[in-house]
Amino acid sequence: MFLASCKKGLLDVSPPDRLSTTVFWKSEADADLALTGLYNFLYATGGNWACQQYEVMGWDNYTDDFFGKHDYGGGYNATSSGITPNTGAYVFSYYNNNYRAIAAINSFLANADKVLTGDKLTKYKGEAYFLRAFNYFWLALLYGNVPIVKEDPFKADFKTPMAKSTRDEVLAFVKQDLDAAIAALPDDAYASGHAVKTTAQGYKVRTLLFEKKYAEAAALAKQIIDGNKYSLNPDYAANFYKAGQNASKEIMFSVKFLLPNIEHTDAALNVTMQTWGGYQGTQNLIDEYEPNDPRKTMTFFFPGDGPDKGWPFSNPAVATPGGGQDWIVGYYLPKKWLVPGLKNPDYGVKGDNDYVLLRYADIKLMYAEAQNEAAGPDASVYTQINEVRARPGVNMPALPAGLSKDEMRQRIRHERRVEFPLEGIRYFDLRRWGIATQKLSGFAPNPLAPTFKIKYEDKYEYWPIPQTEIDRNAPALIQNNGY
Amino acid sequence: MKKKACFISPPLQKGWFKTLLLMKLTAFIILVTALQVSAKTFSQDKLDVDFKKTKLAAALKEVEKKTDYRFVFSNLVLLDKMKVTLKAKGIKVEDLLIRLLDNTGLSYSLMDNNLVVIKKAEETIYADITVRGKVTDNKGEPLAGVSVAAGDKSGTTTNENGEYAITVDENATLSFSYVGYTSQQVAISKRSQINIILIQLSNDLTDVVVVGYSSQVRRKLTSAVATVSGEELNKRVATNPAALLQGQLPGLQVIQGSGEPGNEGVNLRIRGTATFSGAGNDPLIIVDGLPGNLTVLNPNDIESISILKDAASAAIYGSRGANGVIVIKTKKGKSGGFSLQYNYNIGIANPTSLPETIHNSAEFMELSNEANLNSGRQPLYTQAQIDLYKNATDRVKYPNHDWLEDLFNPAHVQNHYLNLSGGKDNTNYNLGIGYTDQPGTMIGFSYKKYTMDLGLSSKVNKRVTIGTNVQLRYGSRLNPPQGAGDMFLSTLAQSPLYPPRAPDGRWIKRAYSNEFGNKNTVAIVGEDVKTRTDDYYLQGNLSMDVEIIKGLTWETKAGANFGTSKFNDFRPVVQTYFYNDMSSAGLLDVGTPGLTVGRSDNIYTVYYSQLNFRRSFGDHTVSAIGGFQQEHNKGSNLNAWRAQFTTNLLRELDAGPSAGMTNGGTSSEWAIRSVYGTANYDFQDKYLFGTSLRYDGTSRLPKDTRWGLFYSFSTAWRISKESFMQDVSWINDLKIRGSWGELGNQNIGTYPYQATLSNRDYAFGGSVAPGYSASTLVDPELTWETTRVFDIGIDVTALNNKFSFTADWFNKYTFDILRGSQVPLWLGLNAPVINDGAVRNKGFEFAAQYRDNISRDFSYSIGANFQTYKNSLEKFGKKEIGGNTIREEGHPLDEYYLYVWDGIFQSQAEIDKSPKQPVTPTPGDLKIKDVNGDGVVSDQDRTYVKGKYPSYQYAVNLGANWKNFDFSAQLYGSQGQKIYVRGWGIEPFRQGSVPTTDWRNRWTPANPSTTMPKIYVADGYAPVQNYASTYFLKDGSFMRLKNIQLGYTLPVKVVGKIGARSLRVYFAADNVFTISKYPGLDPERVGDGNYVTYPQVRTLTFGATVQF
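Residue numbers (my numbering), protein chains in the order written: chain A, 19 to 501; chain B, 1324 to 2431.
Watch out, some of these pointers could steer you wrong.
Stretch-level coverage of chain B by chain A, calculated; a stretch enters the list once three of its residues show a Cβ under 8 Å from a Cβ in chain A [as the list claims (entries may be wrong)]:
1. 2139–2147
2. 2237–2251
EDC-like mimics (lysine to aspartate or glutamate), calculated; alpha carbons at most 20 Å apart, straight line [said to hold, decoys possible]:
3. Lys2239/B to Asp476/A
4. Lys177/A to Asp2342/B
5. Lys471/A to Asp2139/B
6. Lys2026/B to Asp30/A
7. Lys477/A to Glu1385/B
Chain A side only, calculated, beta carbon under 8 Å to chain B, not exhaustive [as the list claims (entries may be wrong)]:
8. Arg118
9. Ile280
10. Thr283
Think of the hints as simulated: they come from the structure by calculation, not from any bench. Owing to the predicted nature of the structure, the values given are computational and were not obtained by experimental measurement. We put the beta carbon where it would ideally sit given N, CA and C, even for glycine.
Build out the structure end to end from the sequences listed, making use of the hints.
Structure, rendered in structure tokens:
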């Protein structure tokens, strides 16, 4: 009798600030919203202290180039205690976040044709294919053997444990998606943030190089170069500051930010990198620079640098190791990524530098490397590496003629190391070249504290799959060897 | 029979202490029994008297002058030595006589013509007479079933109106006994009518217990319910009533998370942690019959608190009862004139315990250098610098600064409380007004609380009673925005080489620019970097009770809780300097400069309507309740931010820059609709049965599964009522009881079954584009989390009702736990909330109390309670390992799962021959045990470590009264729990933080310690910090003298001069001392993690209560 008096609907409430999934995929505009949503995964966090996983400099703390005072990216932990299936930071976040992105992409691919047709459908699906390849490429790079998931996650049978595929299978799938993207995407230069054909081609070069398919890699890199969509930025440093990034003809893919609404999730880069000493260069890297290579002073501060050299702090008035900014004696504080003109950067100063994921300089050097491996140090190899060295403002002399293939290989490795510090390249180069253990195991990053040595083991070529995933997919999913 | 009202001495107020109560009533009983009652009644005339050692005869003459009464007495009876001292205003003649004749061995009789005969009480002639009378409690309520006996010759019991009649020898002694009340022996002395007031034995055995939607006589309870009176609670002085529950109720675990004013973080758990779900373990709080908030109350406004522990008592709350229920009754007015009470106390609070730090600068610098060298870092200080501090004569320039002394100050806490209550013409009222001013012991924190409680009830006519209860609170809180933990750790992360502020007033960041550290907390407070929170809360209800026919009432109650809160969090721009050369050191770290303001509000409405039925049919008593309830809640919030202001003087939004400003806001709602009922039956008050059920529908669950049925069954057997127990005289009451039932928990998310899109924007080509994706799976068949409780209990009172004992054993099983499913990571979606998993808590608890009067002047009580339980995760799925805990079937929920610390490496040789460690250790580092014996220490060597939950907890409560003094004490302890803590204060040099003095015993080659490693810089020192080991697990067991209180009630003749009815002064001490192995800080805290939390406080309180 009481129930009868109740008004209906009291118990039927729904969230007033979120759209129900049931109203989605009804109009063309939904496809735009969903595609934008896929790019948002590039903001994923996961490198400790709220830093983002595509804050690429985090990777350099895993190498002989940098020392991370606050464990950004987990580099300090990984190099001092090693990597296990329970390690956090990147070791967990890449696996977790990339599959999250993949799920959204698979869902997009399963629904896009409900609201789109024709060229627009082709292009949108092309971007989705590129992003799926991008995410699987990271998984292949890091963990190697992982499950391949292609279907709509909302229809997936997630209760059945999944086995992993081999790295070769994953890479084959990456290339398949990249080919689909290359076929579907517009042949423009990268600009707005949307992936274009050349972006997909650039990632395919990376993939082929990783697979040691040198001839194919060289051919595709050549195709990008000949396409003339890109050129080296006459101002090397301009690639790393917001003011110059949108206009840079060198950037082929990046994570885009825009103040005031979309800023770095942790404090701005100038706080984490400089004020808090999150990324400090090693003597070993400094020693790698050729005398007078201007990229050295574009990348680092040196003791005694004053405001004229871009030193932003008023105390100490000139750069002084151990003198504040959490700067540890024996290391070098980075200048790269630090917006010129800042004074005493602190919390209040926000940052929106885009994280650059692929530069044209990389395509040129990858071409040089692939061509050298496939055909030897021919003229085209010299051309590409020398153009990178001769960029205005860098103006390094051409390589001497007559280098052997092996000498050229060393030159290219050198060039990559000094061209790309703080861009998340070195760690993967060392692994790709098979010299990671040799270079990193037992390496003492600070010559003033030689007892502190870092840890690297051969097995890290295949990172461990996070223990959670092994547990939840037992017995089908087998851990990578050695963990 | 109307006379009974005349016998009642002035109504006793709740604020009085038990001592006083007992003494007064004891005296009163004697009066009653000494009194011969005639058929005549005294008039209600009142008079004023003031006798000082006046002869009794003279006193009576004085009375004659002022009244129409005439006294008749013999000088043989009335001796000259009988002198009286009495001052009273407005006393009735009869009351006056009672007082005058107290202890004289005399009694009086009222005859015709206002003639009063004074005579000896004793008689010498023996004959059988029939004595009649009525037995009531001290509130005047008749007591039925009281046994009245004259030795073993004859006996009877009182009827429903409390009346008895017994024929006995006129010189015999009657004994009156009743469960829950002290027995009385009364000499008949030829009187034919003897009325008796029985005194409740103790508050734990109070006659009526407030339970769900009703109240019950304790002897009729078939379920596990523990109660405490407001009077008992308020023996301690605290501003948060939740904190006062500690050690009072067996089965309830109370942990006060911190001593922060207005933010004590009191954690309440009834019978353990039952679930790992987001639905949580917090018990349901019922205030005056409706869901409400305990923290908003002023403790003085609380009349009683019950906790409903088992299914039988809580099932009536259905889907919200799984974690037990705390039922609070606030004070109501009482009929019988007006009473005013005022309490004031002032307390001095200090931290109970702080770590001892090394703040000798030279020693600190040397240790810092040693730690940096040990950690592969460069030393920070040169020998020349160290010598400066070592040999300094200028201690301003080269101080040994102890920053903890800056952070903590004694705090003076004040409470004012005013209570007005009374009743007239069927209308009773109670008004309580409280004000609390509570500065923190840690600088920068303070809380002010204003409370009002209004209770009103009016009997409109013979059948209808209406009432209302309203509680209002306004709280104003100030705290540094990063919170107490951050303040504490930041203060520890200051070297002793500099003060917070230079003599010229500038704020200091460090002594030298290469030092590590954190923010200058004194500057934070000095620059008023504080969040200001104002919150307003109102909970209130209206009720109407209608007696339809005898035994059947209709009860309706409607209530609303409205809360609104606003905060203003301003972060200014403040310059800091280096102390060595006073050069600029950049800005004070206040977070991001700017202003955030926010507003939130919540309105909750509820009403229920129910029928209550109670009837006796001969030996059978039946009672039942059936009702309907509906609840609805809606909350919303708004917030806004503007970046760095151009001035620190203006702290409102409009004063800040509009560029880059942001805002946000949302709302949410939920609702529950229910029908419920209970039924109780007993046969001869001996065999009792109860059942209750509730059928709930909630908006949080999908349409098809949102209705759930919850129920319980219980039974009790009062063995002492059996004939074979009648000869066991030392047992007054013995009851065993058992209950079983199912309860629900649906308190997870507001929309857990509804799939929604996540907002995912991206900054394309110079503008931000909106984006969305679906990222969460939902389970369309989601339903309740269910808790099944089986309880067996025993209640005993014995030894002439002086001893009481209650014990319960329970088995509480929670299943279908609402939790995130363990979806594989490759699925890439947020896990759906599903029903899966089970947790069992089995435990035992008891409470015992003994109280006795040794003489009229001295009484005492001793009580103890104890609780223990075992927790086990019975069903979970795949095991999950957290940072330092594990969830695995067959183990306690979130049991510690750690590497085992196995001593200190003494040499490289020892390292070389030991199992390979996960890091590269050097001598002086921790040695970790190779648990599985494979020669390598790895993840596989983590193991289960006991100590997540206490083995047992206990409290001992003592009370004593001697003449006008009263004393109480509480000892409280918790044994067996461990706490995993790290960081500032327990690890050296975290952000440069000062080491504790323990580090003087650290491992060095010269001091090969086996218990402490070498000193290190705790900023990622891998050999100690890079894995969770038992090194960080500390013994958190403790026993503490929680509270002592000593009170003195001034004699009536003294306070009467100021017109007061009573005045009591008292001294109380809280957290007097603690015995624990826990290092440095107070072991009472919630959870693991950072070592530092806002410390608990030791408070010394002086107070007074006056009543008019």
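Hints and how they fare:
1. 2139–2147: As far as the stretch 2139–2147 of chain B goes, the hint holds, because 3 residues have Cβ atoms under 8 Å from chain A.
2. 2237–2251: holds (count 4)
3. Lys2239/B to Asp476/A: 18 Å, holds
4. Lys177/A to Asp2342/B: 42 Å, violated
5. Lys471/A to Asp2139/B: Violated, at roughly 50 Å.
6. Lys2026/B to Asp30/A: 8 Å, holds
7. Lys477/A to Glu1385/B: 108 Å, violated
8. Arg118: 4 Å, holds
9. Ile280: 4 Å, holds
10. Thr283: For threonine 283/A, the interface hint is violated, since the closest Cβ of chain B sits about 13 Å away, which is over 8 Å.
The structure does not agree with the numbered hints 4, 5, 7 and 10 stated previously, though it agrees with the rest.
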